[in-house]
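What follows is the residue order along each chain.
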Amino acid sequence: MSEHGLDNERLIWMFTQMLRIREFEERVKRTFEEHPGVMRGHTHLADGAEASIVGSVAALRPDDQLLTTYRCHGYPLVLGTDPKAMMAEIYGRETGLCKGYGGSMHLTDVERGFLGTSGIVGQGIPHATGAAYAAQIRGKSQVVLSFFGDGASKQGAFHESLNIASLWKLPIVFVMENNSYNVVTRVEQEDANAAAGEPLAVKAQAYSMPGITVDGGDPVAVYGQVSAAVERARSGDGPTLVESTVYRLSAHGNIIAPPGVPLHFPEHEAIEIFGAPEEYEAAKRGDPVPRFRARLVTDGTLSAEEADEIAEAARVEMEEAVAFGLESPFPAPESAVNYVYA
Amino acid sequence: MAREIPYIAAIGEAIHQEMERDDTVLYFGQNLATHDDDPFLQAFGSDRVRVTPISETAEIGMAIGAAFAGYRPVVQLYMAEFMLVAMDQVVNEAPRFHYMTGGQVKVPIVLQAGYGFTAGWAGQHTGSIYGMFLGVPGLKVAVPSTPADAKGLMTASIRDDNPVVFFHHYLLTLEHGDVPEGEHVVPLGEAAVPREGTDVTIVAIGWMVGKALAAAEQLAAEGVSAEVIDPRTLVPLDTATILDSVEKTGRLVVVDQSTRHGSAAAVIAAEVASEGFSSLRAPIELVTALDATIPYSEPMEAYLLPDEAKIVGAVQKVLGFAPVAA
Chain A
4 MSEHGLDNER LIWMFTQMLR IREFEERVKR TFEEHPGVMR GHTHLADGAE
54 ASIVGSVAAL RPDDQLLTTY RCHGYPLVLG TDPKAMMAEI YGRETGLCKG
104 YGGSMHLTDV ERGFLGTSGI VGQGIPHATG AAYAAQIRGK SQVVLSFFGD
154 GASKQGAFHE SLNIASLWKL PIVFVMENNS YNVVTRVEQE DANAAAGEPL
204 AVKAQAYSMP GITVDGGDPV AVYGQVSAAV ERARSGDGPT LVESTVYRLS
254 AHGNIIAPPG VPLHFPEHEA IEIFGAPEEY EAAKRGDPVP RFRARLVTDG
304 TLSAEEADEI AEAARVEMEE AVAFGLESPF PAPESAVNYV YA
Chain B
39 MAREIPYIAA IGEAIHQEME RDDTVLYFGQ NLATHDDDPF LQAFGSDRVR
89 VTPISETAEI GMAIGAAFAG YRPVVQLYMA EFMLVAMDQV VNEAPRFHYM
139 TGGQVKVPIV LQAGYGFTAG WAGQHTGSIY GMFLGVPGLK VAVPSTPADA
189 KGLMTASIRD DNPVVFFHHY LLTLEHGDVP EGEHVVPLGE AAVPREGTDV
239 TIVAIGWMVG KALAAAEQLA AEGVSAEVID PRTLVPLDTA TILDSVEKTG
289 RLVVVDQSTR HGSAAAVIAA EVASEGFSSL RAPIELVTAL DATIPYSEPM
339 EAYLLPDEAK IVGAVQKVLG FAPVAA
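Those protein sequences? They're chains A and B, same order as listed.
Offset between the first sequence (1-based) and my numbering: plus 3.
Offset between the second sequence (1-based) and my numbering: plus 38.
A hint or two may mislead.
Selected chain A positions facing chain B (in silico; Cβ < 7 Å) [claimed, not checked]: (1) 109; (2) 113; (3) 118; (4) 140; (5) 159.
These are calculated hints, taken from the structure and not from any lab test.
We put the beta carbon where it would ideally sit given N, CA and C, even for glycine.
Starting from the given sequences, assemble the full structure and let the hints guide the process.
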């Protein structure tokens with residue numbers, strides 16, 4: 004297979020990253036049951052969005068940059084961030100990526116171009132736009148990816164940023180992961196375009212930039228569209244809005260409960276709120292991870308045994324991340340007053 | 039060498055000099071540099087100087103993102119209230135990231151915001167809203183009262199590695215004063231003592247410094263020796279200078295153009311009550327705006343605001359020889 008110039012090695016790499024994200028998120032989810040009390044607050048998982056994440060990040064050059072939302076575990080894994088440091092951060096340990104100051108919603112790895120994650124819906128979009136402005140001034144043809152969800156496109160921050168990015172022809176690609184839900188609100192309940200039966204990518208027309216919709220369950224298709232948008236941005240032609248349709252396979256986040264009630268992930272909102280288990284079952288049947296595996300095995304890119312070996316390696320790697328996190332020390336309480344000012 | 043220039047020109051000079059000194063300093067905002075003959079545009083080009091749409095969330099958010107990527111943006115916001123449109127970016131984005139990332143990123147941005155335009159601008163363009171930003175760890179707050187401090191504090195704000203809200207007072211815009219020509223830095227967190235005295239300490243903020251000095255002059259004629267302190271920055275707050283002064287005078291009056299509750303004046307009073315209680319020989323007096331929206335009509339506007347007579351009355355009260363004027 005050489006679609007979009009992806010050779011077998013790259014395709015296998017993409018499959019490997021998808022599995023690593025899935026395994027990492029499985030471990031996060033399982034920690035709630037196997038190690039109650041180890042994780043605090045709110046955690047948002049990327050299972051179901053692996054193909055979209057990997058296909059998008061694969062389109063970047065090493066010196067490009069990205070900013071994401073609080074559903075942020077997948078991207079750094081693809082960039083090469085150590086999952087041990089990520090899990091330790093989610094467990095609030097001193098060895099964590101952000102030394103325990105940020106937690107699940109604020110993973111950041113500046114060395115790898117992952118500049119930061121706002122936990123407030125839509126508010127990271129202008130940060131990414133500002134980083135793209137910086138890239139334009141620096142003049143080294145770097146590109147910034149801005150990841151956000153469908154819900155964020157109802158925020159002023161989204162509209163203000165797209166306007167300026169297009170006006171200034173900034174080197175940025177806006178990747179909207181449309182998972183059809185804003186927490187427990189369906190997209191057609193809150194989005195005029197969706198209610199009218201249109202894709203959310205039509206919002207790009209208001210800002211005179213290309214807007215395209217891609218099957219976010221297909222990493223190769225995502226790679227193709229995002230690569231084209233990245234090249235457009237890199238060549239100075241300005242931004243693109245890429246709507247990547249995904250289905251998150253977990254609920255919006257773990258249950259929000261007062262201390263004493265064990266934290267856990269509820270069923271997906273399609274089941275829990277809307278009584279539509281068939282929607283969820285259909286999404287499970289289209290799960291992008293087995294779907295991509297089947298494709299690679301069928302076309303001979305990968306043997307079933309090789310695919311199993313990759314899965315096994317990912318399992319071992321993420322189990323080690325859990326063990327590292329659990330063994331790591333907590334930060335000294337008095338370090339809570341560090342980093343208030345630079 | 040110093041020469042007299044207006045307060046607003048001193049701020050512009052600081053930005054210009056810092057842009058010359060450091061290529062990473064950017065300057066953008068609404069209605070800024072719309073003509074090719076703009077001096078900033080001519081000196082630094084359209085990469086570093088840009089007019090933006092009326093999009094405060096994007097302007098401030100983009101400053102944060104550019105700061106992540108190594109730049110030092112100054113955002114011209116004109117009126118402080120326009121920041122309220124983008125309160126999340128100011129309060130819950132800019133000051134959080136250095137901390138949340140365990141020190142991985144810095145956010146060296148300056149938000150240039152004019153305030154206190156009590157000259158008939160009515161309810162929404164006249165607030166002295168700096169008090170809202172005091173309870174936000176990670177933010178710094180500058181409130182210059184003279185042209186020289188305006189230049190020195192802007193220079194320090196641009197060089198600081200943290201987000202700084204730089205509040206300049208609209209009614210000081212054309213006030214002239216001696217300003218050093220070359221590099222001039224006033225460190226953030228160092229109060230000034232524009233008048234020394236022994237009987238009472240008057241801490242005054244921004245535009246109120248001039249009123250406090252005028253009141254002190256009037257009090258001197260009555261034989262009262264008032265010390266006037268200008269904190270210059272509210273975060274960091276130079277409590278040591280204030281406490282030292284109160285230790286000497288035993289009496290404190292705090293003058294603040296903002297409304298009283300949740301004000302900088304209340305914070306300063308709390309610091310002194312907590313750390314300098316044994317020095318106090320009288321209750322602390324606060325001279326602030328009355329707790330109301332600023333009205334349009336002039337007599338009502340004047341009624342709400344602190345003035346020289348109210349400051350004199352408060353000093354007389356803490357000295358124990360007269361009731362406070364209404």
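Structure-based check of each hint:
no.	hint	result
1	109	4 Å, holds
2	113	5 Å, holds
3	118	4 Å, holds
4	140	5 Å, holds
5	159	6 Å, holds
Against the hints set out earlier in the document, no violation occurs for any number.
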